[in-house]
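Asker: Every letter in the sequence shown is one number past the one before it in our numbering, and letter 9, counting from 1, is 9.
All the given hints hold, so there is nothing to weed out.
Across the chosen pairs, the derived CB separations fall in these ranges: (1) S44 with R85: 16 to 22 Å; (2) T91 with A66: 37 to 43 Å; (3) G89 with S11: 30 to 36 Å; (4) G23 with S65: 30 to 36 Å.
If you're looking for bench data, these hints aren't it; they were derived computationally from the structure.
From a predicted model like this one, the values you see are computed outputs, not experimental measurements.
Ideal placement from N, C-alpha and C gives every residue a C-beta, glycine not left out.
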Amino acid sequence: NIDVHLSTESSIFHVLIGARRSGSPLGPSASVITLYAAYPDQYSAFRRTLLLEGVDCHPLHGWLSAAHDTSAVHEAAAAFGRAFRRLRGSTEFDL
Numbered sequence: 001n002i003d004v005h006l007s008t009e010s011s012i013f014h015v016l017i018g019a020r021r022s023g024s025p026l027g028p029s030a031s032v033i034t035l036y037a038a039y040p041d042q043y044s045a046f047r048r049t050l051l052l053e054g055v056d057c058h059p060l061h062g063w064l065s066a067a068h069d070t071s072a073v074h075e076a077a078a079a080f081g082r083a084f085r086r087l088r089g090s091t092e093f094d095l
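Between the sequences and the hints, there should be enough to build the whole structure, so can you do that?
Answerer: This is how it looks when you write it as structure tokens:
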């Protein structure tokens, strides 16, 4: 129930905040820069919340590599889920 979309491109994932509201494409595109400029507080809240869940990630994108085993991927995915639950309904994340 929050306007966040994650998409993948090879080993890179992109974070789009406010894409649905703004009508931006839901996938890799230059719109991520526009969205970051439009929603800097939400991107900042997203990054801080991920840090609280133990994930240090750039607010716009992240990478997966051979160094990330299945356990690490599952752990990070669970942390993202917890972060989204924290953000849902947060005044910092109202869009």
